[in-house]
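Sequence order for the protein chains is F and B. The first sequence begins at 1130 in the working numbering and counts up one residue at a time. The second sequence begins at 211 in the working numbering and counts up one residue at a time.
Hints are computed from structural coordinates only; laboratory data are not their basis. Please note that the accuracy of each hint is not assured.
As the list claims (entries may be wrong) - Pairwise CB distance ranges (calculated): (1) B:D445 with F:P1797: 45 to 55 Å; (2) B:N449 with F:P1279: 26 to 36 Å; (3) F:L1829 with B:D309: 19 to 29 Å.
Claimed, not checked - Simulated pairs of lysine-lysine, DSSO-like, Cα-Cα distance not exceeding 27 Å: (4) F:K1574 with B:K249; (5) F:K1527 with F:K1892; (6) F:K1436 with F:K1527; (7) F:K1140 with F:K1840; (8) F:K1159 with B:K483; (9) F:K1840 with B:K215; (10) B:K249 with F:K1902; (11) F:K1159 with B:K249.
To be verified - To be clear about the criterion: a stretch of chain B counts as covered by chain F if any three or more of its residues have a C-beta under 8 Å from a C-beta of chain F, and this derived list gives those stretches: (12) 211 to 219; (13) 468 to 478.
Glycine is no exception: its CB is placed at the ideal position from the N, C-alpha and C atoms.
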Amino acid sequence: MTTRIFGSGIKRREDPRLITGEARYTDDIKLPGVLHMAVVRSPYAHANIVSIDSSVAEAMDGVVAVYTSEDIGDGLAGLPTAWLIPDSDLKTPEHPALAKGKVRYVGDGVAIVLADDRYRAQDAADAVLVEYEELPAVIDPEEAAGEGAPLIHDDVEGNIAFTWAPFDEDASNAVFDAADVVVSERILQQRLLPTAMETRAAMAQYNPATQELTLWCTSQNPHIHRFIISAVTGLNENKVRVIAPEVGGGFGSKIPCYPDEALVSWASIKLGVPVKWTETRSENYLITIHGRDHVQHVEMAASNDGKILGVRSTVYAGMGGYLSTAAPGIPTILHGLLYVGPYTIDSVYCKSIGVMTNGAPTDAYRGAGRPEATFLLERMVDNVAREIGMDPVEVRRKNLIPAFENGYDVAAGLTYDSGDYPAAFEKALGMAGYGDFRRQQKSAKAEGRYLGIGVTAYTEMCGLGPSQVAGAVGFQGGLWESATLRVTPTGKVQALIGASPHGQGSETTLAQIIADELGFPVDDIEVIHGDTTETPMGWGTYGSRTTPVTGAALAQASRKLKDKARVLAAHLMEANEEDIEYADGSFSVKGSPDQAQSIQEVALMAHLAWNMPEGMDPGFEESQFYDPPNFVYPFGTHIAIVEVDAETGEIDLQRYIAVDDCGPQINPEIVAGQIHGGVVQGVAQALCEGVVYDENGQLLTGSMMDYCMPKADMFPNFELGETVTPSPHHPVGVKGVGETGTIASTPTVYNAVLDALAPLGVKQIDMPLTSAKVWGAIQDARS
Amino acid sequence: MWPSKFDYVRAGSVDEALASAADGGKFLAGGHSLLPAMKLRLDAPEQLIDIGRIPELQSISANGGLTIGAAATHDAIATSADVQAMCGALASACGQVGDQGVRNFGTLGGNIAHADPASDPPTVLVAVGANVNIQGADGARSVGAEDFFLGLFETALDDGELITSVSVPDVSDHQSAYIKFPHPASRYAIVGVCVALKMDGAVCDHAHVAVGGATLRAVRCAGAEAALAGTTLDDAAVNAAAEAVKSDIAEDLIGDIAYPEAYRQQMAGVFLKRAIAAAQG
Chain F
1130 MTTRIFGSGI KRREDPRLIT GEARYTDDIK LPGVLHMAVV RSPYAHANIV SIDSSVAEAM
1190 DGVVAVYTSE DIGDGLAGLP TAWLIPDSDL KTPEHPALAK GKVRYVGDGV AIVLADDRYR
1250 AQDAADAVLV EYEELPAVID PEEAAGEGAP LIHDDVEGNI AFTWAPFDED ASNAVFDAAD
1310 VVVSERILQQ RLLPTAMETR AAMAQYNPAT QELTLWCTSQ NPHIHRFIIS AVTGLNENKV
1370 RVIAPEVGGG FGSKIPCYPD EALVSWASIK LGVPVKWTET RSENYLITIH GRDHVQHVEM
1430 AASNDGKILG VRSTVYAGMG GYLSTAAPGI PTILHGLLYV GPYTIDSVYC KSIGVMTNGA
1490 PTDAYRGAGR PEATFLLERM VDNVAREIGM DPVEVRRKNL IPAFENGYDV AAGLTYDSGD
1550 YPAAFEKALG MAGYGDFRRQ QKSAKAEGRY LGIGVTAYTE MCGLGPSQVA GAVGFQGGLW
1610 ESATLRVTPT GKVQALIGAS PHGQGSETTL AQIIADELGF PVDDIEVIHG DTTETPMGWG
1670 TYGSRTTPVT GAALAQASRK LKDKARVLAA HLMEANEEDI EYADGSFSVK GSPDQAQSIQ
1730 EVALMAHLAW NMPEGMDPGF EESQFYDPPN FVYPFGTHIA IVEVDAETGE IDLQRYIAVD
1790 DCGPQINPEI VAGQIHGGVV QGVAQALCEG VVYDENGQLL TGSMMDYCMP KADMFPNFEL
1850 GETVTPSPHH PVGVKGVGET GTIASTPTVY NAVLDALAPL GVKQIDMPLT SAKVWGAIQD
1910 ARS
Chain B
211 MWPSKFDYVR AGSVDEALAS AADGGKFLAG GHSLLPAMKL RLDAPEQLID IGRIPELQSI
271 SANGGLTIGA AATHDAIATS ADVQAMCGAL ASACGQVGDQ GVRNFGTLGG NIAHADPASD
331 PPTVLVAVGA NVNIQGADGA RSVGAEDFFL GLFETALDDG ELITSVSVPD VSDHQSAYIK
391 FPHPASRYAI VGVCVALKMD GAVCDHAHVA VGGATLRAVR CAGAEAALAG TTLDDAAVNA
451 AAEAVKSDIA EDLIGDIAYP EAYRQQMAGV FLKRAIAAAQ G
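Let the hints inform the model, and build the full structure from the sequences given.
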């Protein structure tokens, strides 16, 4: 019996090159004659551009050109918004690559400088004189939607880009009117900086002879970048090649197509030489998309005995100065549809108002809409528990959807695929020793120590998604994936995929799926991605979709190849196809085990084509498009135990228990890695991360000196557990796990801290829960 | 990320460094404060005079007290047996600067010349009454640490002057500690407290107390010192000192977006208590 490679925690094949610094990122690629682009960026959040004088800059050593939006003219179309949510009165204000007459956030591009050297480009950028007429700015989305707020786009009245409210408000009101208990809270989902380890970069090379443009860039979805760059430059899509080389993380921030990618493309076309731009960390914090930014007014209705009856919200979602590529879909489709969570809640209502502000554009950030939904749900469940005097675990237990194997319709309109929420819930409680903890908490309090516990049950929709649904909700693309499985004559495998992993370990995971299906040694399988000319079409890596969707395409392509191999093996061994047995990459004839053909031998014979069955084409290669019939819905329960130092307000995260169910785990080590990283990012939102702009729209958290990234010593060793509930509609039963940690952990830790502070009378603190805020809340509650 | 253009010279001796400084520019030792500022174009010196390899600036010598060369690294100071023996709080403070990589490059002279209010070593130097030894074109002078730090990033150094060393008294007969409440983002001090207690049996003969991080410069805290002197450091005395220290620093408080002045002031009291406990521990 051999060990199955599916389920084996083999080491990530990506890591040696990443750890040793050998990986080749966009900025590592050197082209002769390259010009460096620096962008003159607005120091104001909101201002009219009075004049631009580039004469000094143009005369500086090494400077080739300085361009403004006037020079670009109609050479570049505005950047498109690609998620046009329906029935929401959506406005899509023009987003020019360089500001036209007006800047709308600090960092908005005003001019570009092209020089032979990056330093000289920066010197010249500093020498471009821009005269501004400063306008009042607004950052808070609720304020921006209010009376008298400065108007950011003339064609977006009241700064309201959309109002999405697809549920029955009257029905929701009736539930709330009749309920025993209604709890409410204003929840601030603060802006976050995605902070991928590699900042963004783009280099374009236009070949005037062939009229082809090659764009290397930090992209999670090179095929989408190709589509958008083609659209904004006017080049035919088959004349644009987008290459995402090694990409050092994205967390959603490398989904959008930004002005910078369009600008290097335009400049290279204009000048006929390669043009490169690499973002500094300071620029990254100013201009790369931010996440979250909701002001939520949330209510939950319940009965006196703890049955949750309904949830409703009004959400002001800050969009920033322009609508980024997928922005409208995040606080709507990916948010409101999650309002049932893992509970039997029969009534949901969400009114999500997308508001233009003078902050950086927001868009998908790890979890994208679903953390903001899970947080409000879990927060309100704890509030209900406190209001009716019931243990929050009991309230959850009472409301969890019972186990189901194949489809469960919820009030928010989704059909969950499979789940056993109570099993994960009880397992996590067992690992945490919930009852014991409550006793410890009591005795600690007697000593003046404040311990708290937070318990989150969650499910989420990922593995995006059925293309028909994508169309119905206004996503301007499909959400299928495709793959080509190509076996060489010597029996080595190339798996060409349209998705574009950038740190997730998918090269390893996907190879394991193929190895498991086809019997090739896993080390003989290469997973190739990130080049629109080399790989088949795909919609990219985000939304925890690469393993579920690309993985399904590869499993199905593998099965096609295996079917072909079986027929060919039977033919070569002069046996009946029904008598062929397959095990571990070898086809043998039933009853005569000596007679066998390995998959490699079959692959060779398919290439040689000396002796093919009637009607079989030569070669050993299959392609597969896979459009998922439904989303996948991973789930689980996370528990945090904290101690709050009442003297300083510091929070000590003492234990973190995560029980996640993502179906069968292909590589448990990689699953654990995804959960670790996700939990850390989510806990950081609860405890330390948060963008701060001042009243003029200046970014005060412009570096890691002020923007608090999580650090290893803030965390205990995570205690992970799993349950395994396969997805019924997926070829290998797997669900996504890239975002679950981020989705579950923020409310878990937040609720734990508020549980610890409950005896002191503290009921609410805006995130992040810095020691100063916690300490302040304790003082306020005492006074 | 992209500093402005500058010239670079490496000085082989203090005299060479001072001669180069006649043309303007800034001294470069470990570069861990200056270079980030230059990369952000917050500073743009036309010339950098590298003093990082001048042997006489790197030594740490013990002779009744400590003489620490300006270019001695934080790591060298933190791990020096002499420093640990004569001024344990300084070794501790230098060991809490940045991370190991920063401590391997960053120097004491560079640190105090930069005078970041949230830095660790200045608090100890002010507490124990160290002297900063300075060389200029017109000769040498020595300035007490308390008079050296004038304000935010502001020192008694004149243009063209170079710190050559820091003289630190031997306080091995004191119980000392430096305790820091690190800012979660930067790990600089939200508040840093140094105490050095001279005990006479169970009674505290005198105490040195200084606070940094919460203040625009390291502040010697006379009120807290008076509250501790002559007591047995019982709870009443320690609580009185924790109250007094808030007044001692009231004029010099600073805050940031996450940790405002009032919070830091309160925390100075909390961390003074913890520093006293650590010194006695």
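Status of the hints after comparison with the structure:
1. B:D445 with F:P1797: 45 to 55 Å: Once the Cβ atoms are compared, 53 Å apart, the range 45 to 55 Å for P1797 (chain F) and D445 (chain B) holds.
2. B:N449 with F:P1279: 26 to 36 Å: violated (51 Å)
3. F:L1829 with B:D309: 19 to 29 Å: holds (24 Å)
4. F:K1574 with B:K249: violated (50 Å)
5. F:K1527 with F:K1892: Holds: K1527 (chain F) and K1892 (chain F) sit about 24 Å apart, inside 27 Å.
6. F:K1436 with F:K1527: Judged against 27 Å, a Cα distance of about 7 Å means the pair holds.
7. F:K1140 with F:K1840: holds (24 Å)
8. F:K1159 with B:K483: violated (57 Å)
9. F:K1840 with B:K215: violated (35 Å)
10. B:K249 with F:K1902: With a Cα-Cα distance of about 33 Å, the restraint between K249 (chain B) and K1902 (chain F) is violated, given a limit of 27 Å.
11. F:K1159 with B:K249: Holds - the C-alpha atoms of K249 (chain B) and K1159 (chain F) are around 23 Å apart, at most 27 Å.
12. 211 to 219: With 5 residues closer than 8 Å to chain F, the region 211 to 219 of chain B meets the three-residue bar; holds.
13. 468 to 478: holds (count 6)
In summary, the numbered hints that this structure violates are 2, 4, 8, 9 and 10.
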